[in-house]
Amino acid sequence: MRQKRPGDEPREYQGNPDWFSDLLEYSDRPVSKKLLVGVGLLVSVTFLVFGLTLLLWKPVV
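Read left to right, the sequence shown gives residues 1 to 61 (this note's numbering).
These aren't lab readings, by the way, just hints derived from the structure by calculation. Owing to the predicted nature of the structure, the values given are computational and were not obtained by experimental measurement. Please note that the accuracy of each hint is not assured.
[To be verified] Label pairs and their calculated CB-CB ranges: (1) 30 with 50: 22 to 32 Å; (2) 35 with 12: 54 to 64 Å; (3) 44 with 22: 49 to 59 Å; (4) 3 with 32: 47 to 57 Å.
No residue lacks a Cβ here, since even glycine has one placed at the ideal position from N, Cα and C.
Sequences and hints are given; from them, build the entire structure.
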């Protein structure tokens, strides 16, 4: 059995860290248009590449 270390005792709950509180505050902000356009382009390109791959791999008869 290993020896006990100073950090082995259970710690009391001290609340959320500061960065977590900042994340909760961020949820009140609107989503930027650049983010929506970027996600839309990413999804479109992904489906386009996937569709072309399927067509080139086994063409629809």
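Right, here's what the structure says about each hint:
| no. | hint | result |
| --- | --- | --- |
| 1 | 30 with 50: 22 to 32 Å | holds, 31 Å |
| 2 | 35 with 12: 54 to 64 Å | violated, 39 Å |
| 3 | 44 with 22: 49 to 59 Å | violated, 32 Å |
| 4 | 3 with 32: 47 to 57 Å | holds, 53 Å |
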